[in-house]
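Those protein sequence lines, which keep their order, are chains A and B.
Mind the numbering: the first sequence is residues 26 to 402 in my numbering, read in order.
Mind the numbering: the second sequence is residues 1155 to 1523 in my numbering, read in order.
If you are wondering where the hints come from, they were derived from the structure by calculation, not from laboratory data.
Don't take every hint at face value.
[Claimed, not checked] In silico DSSO-like cross-links for lysine-lysine, where the CA-CA straight-line distance does not exceed 27 Å:
(1) B:1164 / A:312
(2) B:1303 / A:312
(3) A:184 / A:164
(4) B:1303 / B:1315
(5) B:1173 / A:78
[Unchecked claim] Here are the in silico distance ranges between beta carbons for each label pair:
(6) B:1208 / A:173: 52 to 62 Å
(7) B:1229 / A:143: 32 to 42 Å
(8) A:249 / B:1501: 55 to 65 Å
(9) B:1260 / A:383: 46 to 56 Å
[Said to hold, decoys possible] Reference listing, derived: stretches of chain B covered by chain A, where coverage requires no fewer than 3 residues with Cβ under 8 Å from a Cβ of chain A:
(10) 1194 to 1202
(11) 1258 to 1269
(12) 1283 to 1295
(13) 1315 to 1326
(14) 1376 to 1388
Think of the CB as a built atom: it goes at the ideal place given N, C-alpha and C, for glycine as much as any other residue.
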Amino acid sequence: MTHKQYPSLMRLSGLIRKEMWQIFRDPSSIGIAFLMPLLLLLLFGYGVSLDAKDIKLGIVIENPDLTTQSLAGSFERSDYFKPFPFSSIQEAQQALRERRITSILWLRNNFSEQLLSGQQAPISVIINAVDSNQANITKGYIQGVWLAWLTEYSAVQGKSLPLPVTLEQRVWFNPALSSRMFLVPGIIAIIMTLIGSLLTAMVVAREWERGTMEALMATPLHIGEMLLGKLVPYFILGMGGMLFSVAVAVWQFNVPLLGSLWILIISSALFMLVALLIGLLISILSKNQFVAGQIAILVTFLPAFILSGFLFDINSMPIAIQFITHIVPARYFVAILQTLFLAGDVWPVILSNLAALLIMFLFLFAIVWRKSYKRLD
Amino acid sequence: MRNILALAIKEFLALFRDKRSLLVIIGPPIMQLVIFGFAATYDLNHVPIAIYNQDEGEYSRDFISQIAGSENFTIIKSIDHDSEIPPLINNRKALLVVTIGPNFSADLHRHHHASIQAILDGRNSNTAMIAMNYLRTILFEFNQTWAQKHGLGSALTVQLKMRSWYNENLRSQWFIIPGIVGLLTLVVTLIVTSLSVAREREEGTFDQLLVTPMRPIEILLGKAIPGVVIGLFEASFIIVVAVTLFDIPLRGNIGALYLGLVLFILSATGLGLMISSIAVTQQQAVMGAFLFLVPAVILSGFSTPIANMPEALQWLTLLDPLRYFLTIVRGVFLEGDSYALLLNQYWPMAIISFISLAFAGWLFRHRMY
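Isolated chain B (complex conformation) (with noise of 0.2 Å):
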């Protein structure tokens, strides 16, 4: 025990040795914290938008102040001119230009019926997606209410009536800001344990480590306890800062969220581990902590969801520990879940921290270079 102790201690001033690794690990991630959380979202807001309008009457002139009234759009410009347009959205100037012929309110007076068309620049298909959305709300209204108006009133006899559970006004940070807190926490975790290893090896420092009367399981221990204290440390300061912060609700049980967060440390500083086992040299390590950090990312579900996967990436996603957590973290913060209805991440993650770190307490004797 003492020895094991004693091992964390010098793993600790090897970290904090150099003060520039001690700035790395405290100030980077809790900035990126700041930025990312405002940066990262899905919501739109004023998408610039032009209007081609060949219409006179007045039911145009409606339909555009409710785009002008409208926080997700903003006009930038009035267009007289098909040949307007390509230049406007080739060079990125407006994302959509809405167009309304020139008997749009002559149609809509005789005939009830009318269209107008919208040209998107669909190069981000996600955006084009959810500004066709907004356009598409405002013209549900302005339909709704011209119909109300000219008698045609209640015809809409079926509504929908849209509920929605545990992001009621559906705001994308309060999904994406609990996914950085996995993502932070894993860099973080990554970064102290992925090199300890490996540069040990490479100044050949290890090898006195090995000679040594400790067994590898006291070794295992001391490296992984840097990883797990300053991955536990660096989470609870990311949760503070994102219930404080960014006013996100932290609705469910804490004590199901630290027991998360502790298996999900465990595993990132075992797999960090294993990484540094298997690589010779620390560029090696590094090279292996990014084989490993991007695909976890993109896995996880943290931007795109696992639902959307083919079948077959949907079951490497279960090797991902980060998959696990964000779960955990968006059902504690969200979704007020508590042990029970966790359950099954609980368990993988307790089995990859498991394996990951016998195996890398295997590596230490075994790997041969």
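For reference, chain A alone in the conformation it holds in the complex (with noise of 0.2 Å):
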């Protein structure tokens, strides 16, 4: 006696009903929805900052005047710098082995004599430039300084400076150029990559583990039922932290949104699932929580945090890490999320990612939906 089964909305929302009670029993589940995003969102909106500020210069004058008195000044006036003397330059390029500062600015002996007989007299700049970013930043901290200082000097002397071309700079979208204007916007997608991932891999992997997922398959649920029933309650948690995030975003942080909030969150729910099937699918694969945990810690957060644009550029990566870039779901998360809060709806740059999400729900989809049916069978 074959008859087909139809979806029933009573057996869903019973399976729904028995998903809520296991999130609520386990609170790690609505740790992970609220208190990562919270913690996360605070560590980058006050803590991670890519500016450069107080940069440990030491300076090492030789032969103190007016004139080195006078470019002195100029970088402890500075807020970019936090100046320490040094009476000779062994001392300071021993303080810069040991790190306690991060550059040297030396003028020798002879600076002032010679700038006065109108010879050239060098500034001696060394870095550490280990960390070459921050070294690029402060090289051009230093170069700002000594134009504004040199500017000022010839000015003095009734000479104006021989640079004939100047720049004006307009920059769109953050004027201050601050990072964390960028930065929490991208957190934002990483939270949602490791909330959703977290929350079904490790969910569905354990009713596989204890056998209840084959009890579930005994029941006439049909297997849309069952995804549906999986996704539903995650969904509403990830999307209630999301909310929560922005939240934090705009009023704790100041980042203005300035897209449509419609527009945020039908990208948002659209990512939520993409995220949430990722989760299932490693469920699907490993069936245990050991290794559906193993491979959650490895695929989710690294991947997300480094290949998605959100810290490092992804024009500038080679041509095959930009091609791998694209499997990564956060990636189109990222330029959807830093265009809709700093620059608006931009609809080539949202309907482009949006597309490529909706792609990989309907590919992910298929192939969760396929994996389960093989179960069924």
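If you follow the hints, you should be able to join the two separate chains into one complex; please do so.
Given below as structure tokens:
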């Protein structure tokens, strides 16, 4: 006797209720949905910054006089530097080796003499370049202070500085060039990746491990109902975490949300589904919590952190690696979030990335569906 | 001693009973090293730039040819109207647009002064700042050459002579890849340890272990050995790949690096076992691992400098073993450090290892659930 099964709302809601109970019984799911976003947003919002300030600059002036004092004064007044005077270059270099300072400004004995006699007077700068990005930023700031001082000095001497072309820069979307403005929206994508995959990966793997999955399959439950039943509760939980993160970003960290909220919600929902499906896939493939947990730790955080364009510019990666970034869903969501928050509803960016997420969703859904069917047979 | 060894062997067997587990522990970290090693760089190349040149004179052409000749930029478009700028920037087609006004060459010729304008996409402020620095460098050279040609020659009397120590060509791979050594070692060690106790608790076999004549310290050592052995093995492999494939110079004392590595893996093992013993279920253990791993990476100075953090957070980083190990691994690789300079990195990790291992051992018997 065969009869076609129709999806039933009652069965579905029963399953969802059961999942909900499970969530509340083990509060670590709720922890992951709300504690993790809060922790990470606070860390990123307050703590993490690429903007160098208080650069520890050792200053060696071998022969102090008015000119060298005015130059050193320019560095002391700058917010970017925290000067440490040294009496000899050897001492300063030793401090650089011991990482007590990160750069040295060195005015030699005959600096003023050379300057006054119209010769070239070199300033030596030594930078600890282990962190090349910070070294580059430090170089830029030192050049800035140096040029400003030189302009002032030339003006006092009645000469104008022979730098004929000046550059006026205008930075759109983030005029203060504050790294928090792009790190906070970006971290939301990372958080969502973790929440989505973790929640489902572990929970469904547990059902396999304990055999309750087979028990579920023996019921008249339709495969679609089963997938929905698994996805809906964690989707709600994850979206709760998402909205919470957005609220923290906007109200706590004053990141402007220039785009529309409903686009943000739609794209977050789509991304959340992709993340949940990845978790579901991990659990179906591993079928035990131990392996599922290992895979989840490996494939979620670091790829999203490094390959999503959240921190490192994708266009500057080698072509082969750029290709790989296309399979990291966070990549598309980071692009959407940074644009939505800082630039507004820029349709070409949003639509192309949404389309990519949609393709990913359909692809993953098809795989998960097929894999689940196989188990039923 | 035999007890400990037997337990350690059992742990290895449990870990590798599932072939997929073996694959997970060996394969992905090595793949990730290669992919991340190439991906994680702050250096920009071929930054897409658009030029809006309203000037018809020779100087603007000179300037543009210098941009075109730079490795850092790729001119994607020359535009002839203001209205073309917003779509280029908004849609991320160009990271910056340089505008040269109609009187550029004439101004430069007559008054020795002119200006150009750059509009940047600031969505990623770090990228924007780096691209701007590239442009400034090109402009500076242009200025110098122009001044020399037009008899304003040596007027820049004070010159900056910059030298970069340890990473002479400012390659960010040299900075990031030693960091990845630390990152992946931490991840592998956590994967091995953070689930080990929780799984046994969930399956009930941990109670059986506790009623054997083994003392907690023996159980602890048996549980810790696989983490340390696998961590050391993978870290060594990663270090070899960093030196051979990525040509990162290993300038310092290898013994100093390995002393740091052992202490780091011990502290990661201790923290992993601690998380595992606090957790009642494997789900909680994985969540605990993440709640530790993610902040540990962020606070370690792997990608963003600790010196830029507010003071309170800088204090918090002192609890992060990865922070110390990154200083060691970068110090030994690039700065050529030996034991003496790294002393202050060793002892905090030793303390973290001791406390976390002791606490994990204590939890074996005292965790109520």
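Status of each hint after checking the structure:
1. For the hint linking residue 1164 of chain B to residue 312 of chain A, the alpha-carbon distance of about 22 Å falls within 27 Å, and the restraint holds.
2. In summary, the hint linking residue 1303 of chain B to residue 312 of chain A is not supported, as the alpha carbons are separated by about 74 Å, beyond the 27 Å threshold.
3. A threshold of 27 Å between alpha carbons decides the hint, and for residue 184 of chain A with residue 164 of chain A the separation of about 26 Å falls inside it, so the pair holds.
4. Distance check on the hinted pair: residue 1303 of chain B and residue 1315 of chain B sit about 22 Å apart at the alpha-carbon level, within 27 Å; holds.
5. For the suggested pair residue 1173 of chain B and residue 78 of chain A, the alpha carbons sit about 49 Å apart, so the restraint of at most 27 Å is broken.
6. Under the hint 52 to 62 Å, the C-beta atoms of residue 1208 of chain B and residue 173 of chain A, about 29 Å apart, miss the expected range.
7. Separation of residue 1229 of chain B from residue 143 of chain A is about 40 Å and conforms to the stated range, judged on CB atoms against 32 to 42 Å.
8. At roughly 58 Å, the beta-carbon separation of residue 249 of chain A and residue 1501 of chain B lies within the given 55 to 65 Å, and the hint holds.
9. At about 53 Å, the beta-carbon gap between residue 1260 of chain B and residue 383 of chain A stays in the expected band of 46 to 56 Å.
10. Coverage of the segment 1194 to 1202 of chain B by chain A holds [criterion: at least 3 residues with CB-CB distance below 8 Å; count 9].
11. Evaluation of the coverage hint for the segment 1258 to 1269 of chain B: fulfilled, as 5 residues show C-beta separations to chain A shorter than 8 Å, against a requirement of three.
12. Look at the segment 1283 to 1295 of chain B against chain A: 8 of its residues bring a Cβ nearer than 8 Å to a Cβ of that chain, three or more, so the hint holds.
13. Using a Cβ-Cβ cut-off of 8 Å, 11 residues of the segment 1315 to 1326 of chain B lie near chain A, which meets the minimum of three, so the contact claim holds.
14. Interface restraint, the segment 1376 to 1388 of chain B with chain A: violated (0 residues with C-beta to C-beta distance below 8 Å; minimum three).
In this structure, the earlier hints numbered 2, 5, 6 and 14 are contradicted, and the remaining ones agree with it.
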